[in-house]
Amino acid sequence: MSRRFTPKIVTANRLREGDVVYLTADDRWSPFHHEAELIEDEAHAQMRLLHAAAQKLTVVGAYLADARPGPNGPEPVHFREAFRTRGPSNYPHGKQADLAN
Amino acid sequence: MYSYSDFDEAFVRARVAQFSQQVARRLDGSLTEDEFRPLRLMNGLYLQLHAYMLRVAIPYGSLSPRQMRQLAYIADTWDKGYGHFTTRQNIQFNWPRLPDVPAILGALADVEMHAIQTSGNCVRNVTADHFAGAAADEIADPRPYAELLRQWSTDHPEFQFLPRKFKIAITGSPNDRAVTRAHDIGLRMVRNAAGEPGFEVIVGGGLGRTPMIGVTVRDFLPEADLLPYVEAILSVYNTLGRRDNKYKARIKITVHETGREAITEMIETRFAELRPLFGGADQKLLAEIRQAFAPPAFRNAPTDAYDAFYRADPVFRAWADTNLTRHRNDQYAIVTISLKAHGRTPGDATSDQMRLIADLAERYGHSDLRISHEQNVILPHVHKSDLPVIHAALTKAGLATANVGLLSDIIACPGMDYCALATARSIPVAQELATHFEALKLEHEIGPLKIKISGCINACGHHHVGHIGILGLDRAGVENYQITLGGDGTEDAVIGEKTGPGFAYDEIVPAIERILRAYLDLRLEPAETFLQAFRRVGMEPFKVALYEAEREQDAA
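Keeping their order, the protein sequence lines are chains Y and L.
Heads up, the first sequence is in our numbering, so the first residue is 1 and it goes up one at a time.
Heads up, the second sequence is in our numbering, so the first residue is 1001 and it goes up one at a time.
One should not assume that every hint holds.
[What the hints assert, rightly or not] Some but not every residue of chain Y turned toward chain L, in silico, with C-beta under 8 angstroms:
#  : residue
1  : Leu-15
2  : Arg-16
3  : Asp-19
4  : Val-20
5  : Lys-56
6  : Thr-58
7  : Val-60
8  : Tyr-63
9  : Phe-79
10 : Arg-84
[What the hints assert, rightly or not] Between beta-carbon pairs, the in silico distance windows are:
#  : chain 1 : residue 1 : chain 2 : residue 2 : range
11 : Y       : Glu-42    : L       : Ala-1103  : 27 to 35 angstroms
12 : L       : Asp-1006  : Y       : Gln-55    : 43 to 51 angstroms
13 : Y       : Pro-71    : L       : Ala-1527  : 54 to 62 angstroms
[To be verified] A few chain Y residues facing chain L, derived, Cβ under 7 angstroms:
#  : residue
14 : Gln-55
15 : His-78
16 : Pro-88
17 : Ser-89
18 : Leu-99
19 : Ala-100
Note that these hints are calculated values from the structure, not bench results.
Bear in mind the structure is a predicted one, so any value in this text is a computation, not a measurement.
For each residue, glycine too, the CB sits at the ideal point set by N, CA and C.
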């Protein structure tokens, strides 16, 4: 029996600013993890990653990251991905400041 | 200080123009990311966790006030108003936007700076003793040699695609403040029996996943042979280095696999071929470079004001006791400005702080500034009578923390707060250690101590050579911190020993406290430092302090 597929989201950095972004189900790049499309199927995940990687003028370094469903949408599983949703812990810089409002 | 020749100027400007066009081609889609990545890395531009990062070279850690002000200007104009000084004496900007990078590089070129060879498999920024030209124990100023190496290695056609990155460190003093034994090549100035200055040449040191102390391939290299000999080492490495395996590609592995005798012989053979090809142009150039590093015109004036202040003001005295180092001129002192205020990010300076430091250097410091690999800023030449006014100015700017060489003078890499390679955070651990022991008021009682923290196995935070080293890892999706003890980065370099199982993020500060309380209990006298005590008693008492308490808790 094959291992169960862990749900994924597609994430990358914006080419110009370097900001962390997430691929939504309606093909936008959102700064919010909870707006990402939660992908439950491995074949679909590969299709979405290809779609993301093709957007060479928008994003850099697209990859699949583990995620799980939450009350407001997908939540990160690994602490690295949790940090990427916020920004650094030593200054109020990055998303935690830019998206506060 | 060295000033760019017309050649340097034209080279740096040409590179800015090239990279500006490469950025434009990336933004219009003519270059893919795979094509662009090596080009941006050649120019110091990384893509990190939350943003791009630009690493700017500070050759051998030397800066002029004008350059420091320009770094402040860049921080304000294109970043978030601060910069991060690194363990390789460079500065990193954490938030540049890609379209702005050409303008930043242009602004750097305006003050004879660049980001070339701060990444990639080439010879990186040559680091040097941050007290160069000022230290009382110095044989000769290492900066002219470092500048010669910089010019020789910059865009050297043979060494642009080495098996892996290559780091050279140089010290002009027998007391090694440049960690030469943990570099690909370490050059330590010594004298031979005839009293002539030359270099002990150390090869194959390095930290990272396979930490190694370098081996001495030449006990004494005459200074005139420096370039051909270094070229011979690079040449042998370029041929033998393991390009098949990134993790075995550093010269330390080449030295280890080849053996000291065999590699020494190969280097000497290659050196014999190369030596005659150096017709003396390098020595002529070295002599010219040396002019640029002539000592400043030291003032001859009374130091009574300093003595009076030292006696009268305990805050000033505490700062003077920790942050000043003996200068070769008795009327002068070397000032270390701590970028380690308790609870702040080690190595960070705001643009206002940079400008203040630049002003102080200009007014009181013969316009000379250094960045240390321990992430502090140095005013290498300060007349003692000027120290009280400097201390007062630093105090107002939050830069007068009296902690150099003490517990809170921590080296920390950016870790997972910024770095894409990191496996755990470093900065918050450094912040909490500093504030925790500040609250306990134990720092001065503990005395000289070097804590060094890396957020991954690549060891940018030099944890292997920390008296206490902390390595942040990812253990099954949780941050976990491994402790090493007894490391030493000086001329007696030693790689620290692992204590045992690691500690969770919220357990690491209490664990360090247990180690240090054990040290306070077992030291023979307050003058016995942590490192001396560790060398005397070994690992066992610290293991007991670290793990026994836990076991008792588990049993309860």
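Structure-based check of all given hints:
no. : hint                                      : verdict
1   : Leu-15                                    : holds, 7 angstroms
2   : Arg-16                                    : holds, 5 angstroms
3   : Asp-19                                    : holds, 7 angstroms
4   : Val-20                                    : holds, 6 angstroms
5   : Lys-56                                    : holds, 6 angstroms
6   : Thr-58                                    : violated, 10 angstroms
7   : Val-60                                    : holds, 5 angstroms
8   : Tyr-63                                    : violated, 11 angstroms
9   : Phe-79                                    : holds, 6 angstroms
10  : Arg-84                                    : holds, 6 angstroms
11  : Y:Glu-42 - L:Ala-1103: 27 to 35 angstroms : violated, 44 angstroms
12  : L:Asp-1006 - Y:Gln-55: 43 to 51 angstroms : holds, 44 angstroms
13  : Y:Pro-71 - L:Ala-1527: 54 to 62 angstroms : holds, 59 angstroms
14  : Gln-55                                    : violated, 11 angstroms
15  : His-78                                    : holds, 6 angstroms
16  : Pro-88                                    : holds, 4 angstroms
17  : Ser-89                                    : holds, 5 angstroms
18  : Leu-99                                    : violated, 12 angstroms
19  : Ala-100                                   : violated, 15 angstroms
Comparing the model with each numbered hint stated earlier shows that hints 6, 8, 11, 14, 18 and 19 do not hold.
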